[in-house]
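Undergrad: Given the structure of chain A, go ahead and fit chains B, C, D, E and F onto it with the hints provided.
Residue numbers (numbering that gives the first Met the number 0), protein chains in the order written: chain A, 0 to 142; chain B, 0 to 142; chain C, 0 to 142; chain D, 0 to 142; chain E, 0 to 142; chain F, 0 to 142.
Worth flagging that the hints you see were computed from the coordinates, not collected in a lab.
There is no bait here: all hints are sound.
If several chains are the same, the list does not tell them apart, and a pair holds so long as it fits within one copy or across any two.
Below, a list of computed lysine to any residue pairs in the SDA-like style, where the Cα atoms sit at most 20 angstroms apart:
1. Lys103 to Thr9
2. Lys103 to Thr76
3. Lys58 to Pro47
4. Lys103 to Glu64
5. Lys19 to Ala66
6. Lys58 to Asp48
7. Lys103 to Asp136
8. Lys103 to His62
9. Lys103 to Gln132
10. Lys58 to Ala100
11. Lys19 to Thr55
12. Lys19 to Arg68
13. Lys19 to Glu109
14. Lys19 to Lys31
15. Lys58 to Ala110
16. Lys28 to Glu13
Note that the coordinates shown come from a computational prediction; the quantities given were computed from them, not determined experimentally.
Chain by chain, the residues run as shown.
Protein chains: 6
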Amino acid sequence: MPDERIATVTPVTERDARGKVADLFADIKRTKNLDAVPNFWRVLATNPDHLELVWTRLKALMHPEAAGRTSPLDPVTREIIALAVSATNGCAYCVNSHTAALRKLGMGVEALGEVLAIVGLFNSTNALADGYQVRPDVLPPQD
Amino acid sequence: MPDERIATVTPVTERDARGKVADLFADIKRTKNLDAVPNFWRVLATNPDHLELVWTRLKALMHPEAAGRTSPLDPVTREIIALAVSATNGCAYCVNSHTAALRKLGMGVEALGEVLAIVGLFNSTNALADGYQVRPDVLPPQD
Amino acid sequence: MPDERIATVTPVTERDARGKVADLFADIKRTKNLDAVPNFWRVLATNPDHLELVWTRLKALMHPEAAGRTSPLDPVTREIIALAVSATNGCAYCVNSHTAALRKLGMGVEALGEVLAIVGLFNSTNALADGYQVRPDVLPPQD
Amino acid sequence: MPDERIATVTPVTERDARGKVADLFADIKRTKNLDAVPNFWRVLATNPDHLELVWTRLKALMHPEAAGRTSPLDPVTREIIALAVSATNGCAYCVNSHTAALRKLGMGVEALGEVLAIVGLFNSTNALADGYQVRPDVLPPQD
Amino acid sequence: MPDERIATVTPVTERDARGKVADLFADIKRTKNLDAVPNFWRVLATNPDHLELVWTRLKALMHPEAAGRTSPLDPVTREIIALAVSATNGCAYCVNSHTAALRKLGMGVEALGEVLAIVGLFNSTNALADGYQVRPDVLPPQD
Amino acid sequence: MPDERIATVTPVTERDARGKVADLFADIKRTKNLDAVPNFWRVLATNPDHLELVWTRLKALMHPEAAGRTSPLDPVTREIIALAVSATNGCAYCVNSHTAALRKLGMGVEALGEVLAIVGLFNSTNALADGYQVRPDVLPPQD
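The following block holds chain A by itself, in its conformation from the complex:
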């Protein structure tokens, strides 16, 4: 039997999922068009309420049509934001997951490089603005 210990807790397998967890696993696979439930969701399932809270929010923002919403942003832009945040935080699982999502949406390595180039640039300027304690420019009112 393969080792299921892939985290600090034992992830819930699809076979062991019951009730609310089973329903959420099915919705995750259907909405994301996947054959298996990713490790992230199987780990969250150790607290079913938490699984539901995170999935509800992620579904609304990243799969708006499935959640009955319209979003002003397109799917590629949404995944670019996810990758920018994940690279800035240095979250390995998240970087892998959102890079894979962008590749699946058709992004090539040169465009991916452009996204990360801008992520790298602004991690630099953020440290500089904070390191010099630069005060915001006086800007005209915006609305």
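TA: Only chains B, C, D, E and F this time, still in chain A's reference frame:
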């Protein structure tokens, strides 16, 4: 005389700029179509080589046409990445600056809210993936 | 001989510990009721003064009774804070270590999920408050 | 008329709130027992769906009884986690808000100091564990 | 009476300091050659044990001769590290404090710019290495 | 054939490098006195403009003489800053790389421990200053 001490160093005024710094200030105003040099660049000008290094990189990535490049990303997407990084790092100067840039490019408050909603969501999932030490899913080869 | 290179420096083995380091290793095992010195302390031992400084502070705050102090916080709360900080910073060693400590103190996976759910939530709201540059509410004086 | 520009967007006033936003504002004040809606929620209200998503999750985790849940954690522990995350991220709005909540729940300055002492300690050990690339200790299975 | 509320707690004044706190305040002023106790230490004094723990560690590392130690690093290098960490974390109080310390040690604005240039550069490459999930190079053994 | 998939993209091999990328690879090896191009640069090469932008900046700041500049900082101080930033961000690749560079420049484990001790200390005080929202001390003008 107004107080020019807006940072941990005294920013270089446009009037005092000489040589390389004066040329870079002119290029910044021309490229960004601004009437005055923002505080960030005036502070960097206390080390002229550094001013040049950061501006060269930012111009190439954020104003590619002015730098003789073509970018696979459009201006709104580039500023969205800048805001996502800045909000994740909590850099006040940078958040103000990139929000202003997005508003100037025509983004309304509801779309801005959608960008920050996704930024907020993935700062949450990043902490969860790291907090549970979730291992990356086994993914098929990508190229 | 097993490979001892588990870090950027070679950790000090218990067998090789001498003088101050040997005394500190003994105190760490006694205070934490452990059979072996964790890797973290063996690595710090490459600079004995540093080992002493960190252990003195950690012992005072996390094992107050052994340090002759009384703490207003109970052991579970103290470890919850440690995990919240470690998950927010994405520190793998620390997440593993403090999750193990919480499990040893009797915390089940559902309660662990509730801790991480709140950690995830506030990593999200932190990014939102910074991303919108929300000013603090005016609050009545506190003391 | 007082200046309402307290953020990068103009916060929604309680007077201007309509429909879903008005209902959520009322629920926030009732659940948190407040006389006025904090700035954070007024800013989120510029994107009503986002306001609803964040409030639903925060209400479930921080006010579980009002959301029809039971939580394995008590209110003080929940706010301690919020403060630990906020101090680690350096989010000014959030630090102010969660410190005020803890004071309201009866925490004195000495206990608050103990919370922050542990937050400070583990921000230190996190940087050390990462700075030395310490590998996790081999631990016995946990469940 | 001037407002003493400069933090989330009321800082301890030098006039009100008693016993251990008064002794520590005196040692801080003597060791750092200051006329007044900085706000940071006055705030920590609301939990006297914590004040002692942090000061003991900072004195040993930043004022080693006063603590009876020898350090392999000189005072300028030690403050440079403090500024690099503070700029990376975006901590306003700390950036101001350590920039002032470097200026007092004789560092000019151009050298300060070089320090921050390197801080900015590696905040950028860190995000890139994490954003691409680059694996460490195979290096020859080091000792 | 050995697996070349060491990142989220397939790194460019030295054998496959053409034109600008080949020239940059040669300059990296010559400037850094290396036998092989590190993984970081091979990954960046998937977007040749980005490789050039990052290398130009890193060469100017970390190898100033090769770039025709003079730096007010010595090589050890420059690498110490790089390690301080990388440890604070928890970037594994970067910590390994800059620790190796410091060891190559002759730094022993005890001095390395002193560097990381100060990094750890200020990650702690940063969280404390932010966690208490300490306001900057009033300082005399600096220049």
